[in-house]
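With the sequences and hints as input, model every part of the structure.
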Amino acid sequence: MLKYFVSRMLMLIPMILIISFIVFIGLEFAPADPLTAMISPDQMSSMTLEDMEAMRESLGLNAPMLVRYGRWLVNLLKGDMGFSIVTGTPITNIISNLLPSTIKLTFAALLVSTFMGLLFGILSAIKSNSAIDYISSVLGVIGISMPEFFIGILALLAFAIRLRWFPAQGRTDVGLGAFGSIKYLVLPACSLGLVLAAALMRYTRNAMLDVLNKDYVKTARAKGLPEWKVYYKHAFRNSLMPISVLICLRLPMLIGGSVVIEQVFGYAGIGSRLLTAINAGDYQLVLVIVLLLSIVSLLASVFIDLLTALLDPRVRLGGDIGGAK
Amino acid sequence: MNNQNEARDVLLDLKNIKKYYPIQAGIFRKTVGHVKAVDDVSLYVKKGETLGLVGESGCGKTTLGKCIVRLHRPTSGELRYKFGNKYRNLLSLNKKESLDARKKIQMVFQDPYSSLNPVKNIFTAFDEPLKIHGWSNADERKDRIAELLESVNLRADYMYRYPNEFSGGQRQRICIARAMCVNPELIVCDEPVSALDVSIQAQVLNLMKDLQKELGLTYVFIAHDLSVVEYMSDRIAVMYLGKVVELASAKRLYYHFEHPYTEALLSAIPIPKIGGEKRQRIVLEGDVPSPANPPAGCRFHTRCHKSMDICKTQAPTFRPLKNDPDHMVACHLADTADA
Amino acid sequence: MATALVTKQKRIKKSSLAKRNLQKLLNNKLAVLGLFIVVTMILLCIAAPLLTPYDPGKISLFERDSAPGGEHIFGTDKLGRDVFARILYGGRISILIGLSGALGGMILGVVIGSLCGFFGGILDAIFVKVAELVSIVPQLLLVLILSTIIGPGVPNLIYVFIFTGWVATFRLVRGRFFSLREESFVEACRAFGIGSLSIAFKHILPNCLGPVAVQLTLNTAGFILQEAALSFLGLGVPTGVPTWGNIMNAAKEIITITESPWLWIPTGVAIALFVLGVNFFGDGLRDVLDPSQL
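Protein chains in written order, with this note's numbering: chain S, 46 to 370; chain A, 33 to 371; chain C, 69 to 362.
Worth flagging that the hints you see were computed from the coordinates, not collected in a lab.
Predicted model only: the values in this text are computed from it and were never measured.
Every residue gets a Cβ at the ideal spot worked out from N, C-alpha and C, and that includes glycine.
Fair warning: there could be bad hints in the mix.
Just some of the chain S residues that point at chain C, by a computed CB distance under 10 Å [to be verified]:
(1) I63
(2) S190
(3) I196
Below is the structure:
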């Protein structure tokens, strides 16, 4: 188990390096010139070419690409992420202000969707072909067919603007305790989690039905195990593996979706900051945010993977589940 | 040797066939050992006969069969096959000759359910090999397919059906017909009936015997079921852990076996005999050792009920018996010519 | 004799696998409903000039922000453009992007997947790593970065979707190849001397196409949703081009959400309905092509 854990962790390092390098190269070819995005057009017209060169030099924009990449990576490891070349604020500050709230949002969405997805998935598998199965499968397909932001806007209109149960815009942590900020979290987290919940529900139902048809479940029933024990000990435990694979697979989508949802609700998170940064050509900041979000999604999927491994004796006892083959 | 082969009318002569699979470990895929699936097997198959290959699962009989059909390339050794009146090594043929040789040797597989492509109808399954092997006329091909299906007692119009419309026995008959479509001389049958119901087995076996008589086919018949092998074979080779331990005519093997392993295998066949004496059943102890790490000396000594000291250190050679040169055994106990 | 038999049997209807599966598909009510929705919406979008007299790009400052009813079924937007016309013409582009992105990704995934699955080795190891990388970066972020790099525009967005969309098909095809290449029917082909490429593409690949078709529907649905999300953020297709996402872009402001719901509700419903149709069809397809029933 420990070996499995360590090997999973070690595998992360090259992945993170490669991702950061690809993102870095990619943004090199971005059409936006960071210098033009920094200086107002008025100032630009009054500047000579030499001034602009000097400006580039002082910002370190003229060094060879690999050098800049290396320099940036070393700084990153030191905890110094550089400055946003548009606003001049240290990126570390921006990140430490905004990343936690995005993680909070995604985590809340993950909780909501896992809970709802598993609950309704299991219910409709147990009561398959009943009304609850039928209704939830119809809702499930509708759920995966709606654009996230459309769900968000509808929720915003209904619960925040019309019913006024929740605040319509923003997230103000200042002066508010944990409970105060939770009301800003409910709508975005639910809208974000709904799509995953629908997907998860469909998947759980199929995985459970699959397992419920297996001979060992029949054996368990035949030997007189109470139904709930059959469901919990045999069916659910065995369908957990494919379910966790799906969650891992869907995690990047959830994090990507948070960018959209933050925009809808004006939720001050890293996602909405990313959009501003892209529009401004603030490549330093974009780079860091994409890298961090990728790392978050990587770490989260490793975490879920390990959690499942803990529940799976085949992995716990050092077998090879071999994702590659 | 060639003269001897001529005299015996040998169709295929296997010489020191070895098939080793490397075991790789670590990040750099270093080879740390070999699984010796087939280890130094020499056999010959006479024209028109059926050579049975028996052994427990994992003894290498299927691997040997697939080497003969060249689905696996042996690690070393020679497969000498008689083309016209010349013997050629199948492993050193050029591309064109190789394709031609594929026409001569075909295979029937163990699992009739995976032997036919589920998305292709029977016609297509036959049509492509025919096309490759020189049937250029589409109508002739169709006639040929119809003829083949009828020869295995199926209706000609079944050719437009898909595999899922057939039972296991029907499928295996289709597979036999498919193997025969290119007019092979030798067919390797890899446990062709073991996946079928007992009631269907006899039907398929009899069909195979009839086809052999009619077309002068040569079979290499692989099975783990001794009674099936006895029914089908002229000669039988017994394999244990990648090696042939005994080879004799089917009749002789069943009554004058020499190797303790053969004895143990045969003692497992139930013989219905009213009032007959009760035969002693020899139960082999333990599991088959790993072919990656076979025991030293005689490979069978770990489970042999007649094991002696010499067996643990010295591997017996595969030699003919003194009183019957066609009966070959690899055992220290056997009364062999040069012992 | 055989010839006579065959010619006699010629009249017997050939049972074609495709025909049988189509029959099964048509018996599946949800699949038919899905297909009906998808086809109808595509037809409506293609026939847009017949259904509405308005030009989706025509700005009419006198009719800004007018509510539905009268001449404009779904009203007009802030620049006075007819919303109904924009949804129809926008559908053309949104569906085009989704379908061609998914198709391109499918072709790429099938080709790479079959080559890797059949030949294995270094080629396979490299692509498995590449696929892992592409799938671990949140797809929306990847699309975001790529579309900032190569710039906005309909073809560029399609390229981006192809680049991100091949992974699922690749995995699927590769996996099927790994299990199928050990099957006896493949060995039978090899015993006949049929060439490797022919075995890979003519014998193994057809066995993968069912799941690939299902994946195609999933990707189409996914890409249409992603195009919408990207354009909603203002990062997909240039704002001048009407697509479903671009029309929804207006709903970024609270005032539009509350005061002009006709700007975004019909479009959102159109997206959801189309994707729903695709998903229904995909579900039905999955049931029909379930390999265990083949």
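Structure-based check of each hint:
1. Hint status for I63/S relative to chain C: holds, with the closest Cβ pair at about 6 Å, below 10 Å.
2. Because the closest C-beta pair between S190/S and chain C is about 4 Å apart, less than 10 Å, the hint holds.
3. The interface hint given for I196/S is met, as the beta carbon of that residue sits about 9 Å from the closest beta carbon of chain C, less than 10 Å.
Violation of the numbered hints given earlier is absent; every hint is satisfied by the structure.
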